[in-house]
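There are 4 protein chains.
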Amino acid sequence: MEKDSYRLEAFSDGVFSIAITLLALDLRVPVFETVNSKNLFEALLKEWPSYLAFTASFMSILVMWINHHGIFKSVRKTSSELFFANGFLLMLTVVTPFTTALVARYLRTPAASAAMAVYAGSFIIISIAYNWLWAAATGCSHATEHLNRVTRHYRLGLPIYCLATAVAFLNPLLSLGICIGLWIFWAVTMREA
Amino acid sequence: MEKDSYRLEAFSDGVFSIAITLLALDLRVPVFETVNSKNLFEALLKEWPSYLAFTASFMSILVMWINHHGIFKSVRKTSSELFFANGFLLMLTVVTPFTTALVARYLRTPAASAAMAVYAGSFIIISIAYNWLWAAATGCSHATEHLNRVTRHYRLGLPIYCLATAVAFLNPLLSLGICIGLWIFWAVTMREA
Amino acid sequence: MEKDSYRLEAFSDGVFSIAITLLALDLRVPVFETVNSKNLFEALLKEWPSYLAFTASFMSILVMWINHHGIFKSVRKTSSELFFANGFLLMLTVVTPFTTALVARYLRTPAASAAMAVYAGSFIIISIAYNWLWAAATGCSHATEHLNRVTRHYRLGLPIYCLATAVAFLNPLLSLGICIGLWIFWAVTMREA
Amino acid sequence: MEKDSYRLEAFSDGVFSIAITLLALDLRVPVFETVNSKNLFEALLKEWPSYLAFTASFMSILVMWINHHGIFKSVRKTSSELFFANGFLLMLTVVTPFTTALVARYLRTPAASAAMAVYAGSFIIISIAYNWLWAAATGCSHATEHLNRVTRHYRLGLPIYCLATAVAFLNPLLSLGICIGLWIFWAVTMREA
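Protein chains in written order, with the numbering used here: chain B, 1 to 193; chain F, 194 to 386; chain R, 387 to 579; chain W, 580 to 772.
Rather than coming from a laboratory, the hints here were simulated on the basis of the structure. Honestly, I wouldn't trust all of these hints.
Computed Cβ-Cβ distance ranges for the label pairs, DEER-style [what the hints assert, rightly or not]:
#1 B:W48 with W:E621: 36 to 42 Å
#2 R:R541 with F:I321: 31 to 37 Å
#3 W:T768 with B:L174: 47 to 53 Å
#4 F:W241 with R:S466: 32 to 38 Å
Take a look, some chain B residues computed to stay more than 12 Å from chain F by CB distance [as the list claims (entries may be wrong)]:
#5 S12
#6 N86
#7 G181
Note that the coordinates shown come from a computational prediction; the quantities given were computed from them, not determined experimentally. All C-beta atoms in this analysis are idealised placements derived from N, C-alpha and C, irrespective of residue type, glycine included.
Build out the structure end to end from the sequences listed, making use of the hints.
Following this line, the structure appears as structure tokens:
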């Protein structure tokens, strides 16, 4: 029997895959004065905040998608709440390339704190959206135990992202490090699940 | 048995999910003179018309997709008319990031009336396209009663968007408020369905 | 039984839906001097070649996708040739937003002939790619009769696009009119199929 | 029975199809002084490195997707390692439009060596990611023999791309030629498979 949530998942997969791909639009071909191979290598290396922000966001969206996949695995029917909780999560996902671009642009400037606070702060809201989706999915699921297992580690997100947002005002690079550390932790613990 | 409308839905899901994600391309990293955290926060706050327009359009496309999903749930076969009614709706959907960018760019300027008239006006045409799709789907559906229920509230779209377009010339912000109020109404009533 | 061509169709649907959506990226928010509603309306109206080119290309890609759908409906297995014929068609599809942007940019300039020749010329190659895909699909299909019916009208594409390319050097607008007339003809005849 | 890897494939198809379509964003409408048809043709012809890089990357991603398809054909269950190996491959795929733009921009300049070294070098990492995915898929597959056949020719990638990266410093055009030759070889041998 076809799952009722089929098109919800297909639509979500579409949004996740596009958002994750659009992250790469912020990797820009460098422009510089004297064009030679040495200068191109140097100009590329100077763009390290872009690469760091791209990797952090790509892995974050990937983990979000894997968890989304985990939640919907046991969902069989849909509800209006599920549609809107999912829509809210997707709206925040779609904004991630923008917050990533902010970090890439301002990480080496005196505005790094604000950029990182917005970036980590957006993941606070994503964590809240995730909890809402989790609650909405529980009502549509036939296996809440599975859901609990999937999201056990992910619940760390909310307090850790709050910490990262606070740290952003003291040390923006440390704040980014906390965000990166979180998805590495998720990746490792997921392997064991 | 596989539904004949399968690829039509997959293609539509693709277009909806890309159009909804491209909305975020108009959230631009602000550029300003003295770079520090306070100025970055201020520069971001000044972009509120972009965030408002983004949210309004994201939710509108989401509601459109949910209704599209509702219509096709009971469609089993396809017809040429269904293909073209659907194509016409998708063409207008794809234009939404453009009309959204218009509003984001001109909402705080003396050209706000024109921008909002184009924005609300595009949703008039979308409502008409939706009605055409609904009519085309009725001929391909085995459960027109379901279709009627799904679209009952959505039919309010045409007169309300006509009102919003007219109001745009008097008070552009009120016009945007009407558009936002409409999808909030749809979201709330859909919950009850 | 799952069709072997399932992922080929899913991938193609993805490319078609993205290419058709990217067409809208060339609808640009106009920038002009004295900002008021009258000037914004005028600036938007002046962009008519963009809207015309967008509509023509959107409908062309839509018809191409509908035909692609028609061809694969009777395909059950895949072959390497099918993969590459399909890949070649997708490569040309992906280029359409670029040729469309050329027309939108140069239709009102003395370079209109070159822009339209490139645009119509790209559809000549697309027609050839389409014929190759049709031949490759015939070998993988269980219902070649269906295939013949689907593509009967589409075969007009090659000679008509050759004509449109030639006409481009004499009258670019007429050339665009021929391209638009062709998909209207397809849309109408498809209804009857 | 639905394959457990279904959404993994759908998500990957999404990313592949978007990345391959975004390649076309780097085909830019030329801007030049005296606007007439002759100059537009010349300006377009001068962009040949863009077209060459676009074709090379499009075909490379197409071959990567065909191989991805081949690997997952025999995968029935998923593992965390499969999710992350796949995610790593997708991250590199998504970067390809950026490395392609580098080549398109700098192939005719004294910085051609650096651009081609980055381009070919990115395919070295992609080959490594591919080998990891292959290893992860073997554990989830019921037909490792099929997997071996699919990837036999693709394993040439790693040494050949190392060669192409080294050659980039001596002769960038030859390096690009090696990359192009490789996917032509794959296309031809795949036909025979």
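Hints and how they fare:
no., hint, verdict
1, B:W48 with W:E621: 36 to 42 Å, "holds, 39 Å"
2, R:R541 with F:I321: 31 to 37 Å, "holds, 34 Å"
3, W:T768 with B:L174: 47 to 53 Å, "holds, 50 Å"
4, F:W241 with R:S466: 32 to 38 Å, "violated, 54 Å"
5, S12, "violated, 8 Å"
6, N86, "violated, 9 Å"
7, G181, "holds, 23 Å"
In the structure shown, a violation is registered for the earlier hints numbered 4, 5 and 6, in ascending order.
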